[in-house]
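Engineer: One letter stands for each residue in the lines below.
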Amino acid sequence: MSTLTDPPKPAFRLSQLIYDTRYRSITIQLVALLLMVLGIGWLVNNTVQNLAALGKDFNFGFLDNSAGYDINQRLIDYNSQMSHGRAAMVGILNTLLVAFLGCVTATVIGVIAGVLRLSKNWVVSRLMAVYVEGFRNVPLLLWIILIFSIMSESMPQPKDFRGAEPAASMIFSDHVAVTNRGIWIPRLGFTNSLSGNEAVASVEGLPAVATGGADWALIGVTLLISIIAIGFVRTRASQLQEATGNRPTTWYLQLGLLVIPFVIVALFLGMTVVTPFLKGFNFTEGTHLRNSLIALWIALSLYTGAFIAEIVRAGILAVSKGQSEAAFALGMRPNRTMNLVILPQAMRVIVPPLISQYLNLAKNSSLAIAVGYMDVRATLGGITINQTGRELEGMLLLGGFYLLLSLLISSVMNYFNNRTQLRER
Amino acid sequence: MSDTNTHSVSYVRESMLAESAPPSTETGTIKWMRENLFSSVLNSVLTVLSILVVYWAVSKIGPWFWNSVWDAGSLTECREILAAKGMTGHDGACFGVIKDRWQQLIFGFYPSEYYWRPVLALLVFFVGITPVLFDSVPRKMLILTILTPFVMYLLLWGGAIWLPLMVVAGFGVGYLAMKFLSPVNGLLGTIGAIILPLIFWLYLAGPIAGWLTFYAPIGFEFVPSKSFGGFTLSLVIGIVAIILSLPLGILLALARQSNLPIIKYSAVTFIEVIRGVPLIVWLFTASLLLNYFLPPGTNFDLMLRVIIMVTLFSAAYIAEVVRGGLAALPKGQYEGGDSLGLSYWQSMQLIILPQALKISIPGIVNTFIGLFKDTTLVVFIGLFDPIGLAGAIRASTDWNGIYWELFIFIGVMFFIFCFSMGRYSLYLENKLQREHR
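In the order they appear, the protein sequences are chains A and B. Here the numbering used here is used: the first residue of the first sequence is -1, the next is one more, and so on. Here the numbering used here is used: the first residue of the second sequence is 22, the next is one more, and so on.
Treat the hints as calculated values from the structure; they're not laboratory data. Because the structure is a prediction, the values reported are computed rather than measured. Among the hints, erroneous ones may be present.
Stated by the list, open to error - Simulated crosslink set (EDC-like; lysine to aspartate or glutamate; CA at most 20 Å straight-line):
1. A:Lys54 with A:Asp75
2. B:Lys379 with B:Asp322
3. A:Lys118 with B:Glu56
4. B:Lys81 with A:Glu151
5. B:Lys452 with B:Glu134
6. B:Lys120 with B:Glu134
7. A:Lys118 with A:Glu389
8. A:Lys118 with B:Glu47
9. B:Lys352 with B:Glu341
Required output: the full structure, derived from the provided sequences and hints.
Structural biologist: As structure tokens, this is what we get:
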């Protein structure tokens, strides 16, 4: 009689670390980790030595010091006495502003161009092909500089608007002035401003107007409540449709909910349009859009729009023709076919590359350097670094900001991808 | 029986009528216009609008091109010629600046007697890249491809031929080590193939090359990096970066697909950090910060720093393209490699990468187009790319105040390069789609 015993376990040999696939992966990873730690250690050691040799230290205290430089475009209060951190904040907001404006207009341009490029109309589709290829194949930097030059070289000077027979005149019935120093557009002012700066009459005889954060907050809250109410009405309509099969007509209710509260608030605040006018050597009042912003905005929109047009075209082509034919066979009308059948499928193809184009646009906004737009690279990564000599800290913060922005945008993309992914079995 | 019927019909045509022409609205140009331009009200409006836009653009810009002056040595001279024809400076283009300065825009400050060298280098590049781009070319030509970078280095920067030869020899040493040590022990072979060339390059290559240069100074006149400019600079940075970033990008993509967590997550971090930050920030890092990270006292060429940064940057993008190719392969290919008992590197080299890279070539070409356009950003750290040179030309007294002509020339050059590459990538995509069906 014999008892079955496990075969004796071979003792662990060192050579197993290399030849046994079970252990080899650990070896490889340990070696890689070791090499990486050594590499990073070498870089850090070099940096420490170099900093010591230059007599610098590594701290972010400079962000609290007074900046001492002016920023010509600011969305929040800022003056040269404020800190470098505040200046960086102004820059970040400027970057976000141009990125946001660019994304909106690029989407509009891209969708229109993409749809028109698929048009059966020969002239229109060729024209769009020229636009798309022209912008895709020439560096963005060149477009930014070109548009900036057009703005500052070919547009009339403010003094051309003067006189009985001026060489240039304002467009849109004297509301918008396009000059070589930028574009002046009307702004909204409030005669019964809740807070804000002092109410000043821009011209003798006109009512005094002012603007403040509280006014805009009130308008924003009103619009938000309207939109929530509209959402409620629509959900209710959908519920009724589910239950009875008839969808009640609600468009007048929706429109009323949107318009009436807004009009009441606007009347309460005394909202008026303040148009720019010539005073001294320049235009005054209204909102001044600088050439740098205009050039960057237009160039980014047209350039990214060309890429978005291609994405939209590919997305529409990706939905097979059978889908629309099937929808027509079911008796659906063209607009409902588009909304319920084509678009949801096309969007699945369009949105991921679209969001990565938004990401590119946000990163490309750093080309602001070409036209002197005061974005975060110009404030934090430019003047602040030059004044304080803190290259390492400044570049780290700058890189960190862009990285954070990209990660935010790509997490939106991942969320969307996961939600709309085709579930295959 | 059948008679009854024939008698009841009063008239039967016995001959075929000749085919008559379709109505005039259904033929030729008119039909085409009806179908393509005026098929609906909206379409007609769009047609008229776009024709108006084209007419407006042509009538504004056309005469400016039409009246352009090519024979002028300076802007004032050009304006005088225009004035003699009774026109102001805004009525005609001064393309004389292109005729006067085209060498500068293309070659930068490269010595004019050696202009043939960058041109030849570009030709060598095209010859070297053909076997990669078109698979009808014999495979043996790939050896030429491998030698291309060294020949191009020699042509562009010049100097004695011995240093590039020593670099090639280092690879030879590695190959020999692999060949003779592998039979003894596989691991020893791999380690030898990595260590021996490094030792050769670090300790032997320099002295040997120096000694050979001293006794046999064969080679070209040395041209320093700061002489590079214009489109030569853009092309050199773009091409060098793409060649160097390909292997790096493939390795990163493999690392990202790996199932070893430490390697995978370090590759993910590297790729995301590089891709998340704009190139311009990396270029500033190269010019401001690279000195901090290197041992005290090291200082090297700005162009080399830019090439390093651009290489790392495009490697991250290429890694994502190649990862797409790797992910597109059916799982059976990986399992097939495993079931044949191939090791990881064998199955990658023989089965996975050939297929994955083939799928990724259009994406790689698109990355290259983007990279080539992005080389214009080096102007911000003080290198003279075409846009930087346009500024320099404008700063000269002869051509002070000239804008559009230079921009148009640069734009057209970039358009020609990028558009033709884009067409190639489109051709490849169509071909791949056909093959995969």
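Engineer: CA of B:Lys120 to CA of B:Glu134, is that 20 Å or under?
Structural biologist: Given that 20 Å is the threshold and the Cα spacing comes to 18 Å, the pair holds.
Engineer: Holds or violated: are the alpha carbons of B:Lys452 and B:Glu134 at most 20 Å from each other?
Structural biologist: violated (43 Å)
Engineer: Under the criterion that the straight-line Cα-Cα distance not exceed 20 Å, is the pair A:Lys118, A:Glu389 satisfied?
Structural biologist: With Cα atoms ~55 Å apart, A:Lys118 and A:Glu389 exceed 20 Å; violated.
Engineer: Need the status of pair B:Lys81, A:Glu151: alpha-carbon distance at most 20 Å?
Structural biologist: holds (16 Å)
Engineer: Would you mind confirming whether the straight-line C-alpha gap from A:Lys54 to A:Asp75 stays at or under 20 Å?
Structural biologist: Not satisfied, since the Cα-Cα distance of roughly 32 Å exceeds 20 Å.
Engineer: For the pair we were handed, A:Lys118 and B:Glu56, check the Cα-Cα distance against 20 Å.
Structural biologist: holds (8 Å)
Engineer: Does B:Glu341 sit within 20 Å of B:Lys352, going by the straight-line distance between their CA atoms?
Structural biologist: holds (19 Å)
Engineer: Within a Cα-Cα threshold of 20 Å, do A:Lys118 and B:Glu47 meet the stated pairing?
Structural biologist: holds (17 Å)
Engineer: Are B:Lys379 and B:Asp322 close enough, with their CA atoms no more than 20 Å apart?
Structural biologist: violated (36 Å)
Of the hints listed earlier, those the structure fails to meet are numbers 1, 2, 5, 7, in rising order.
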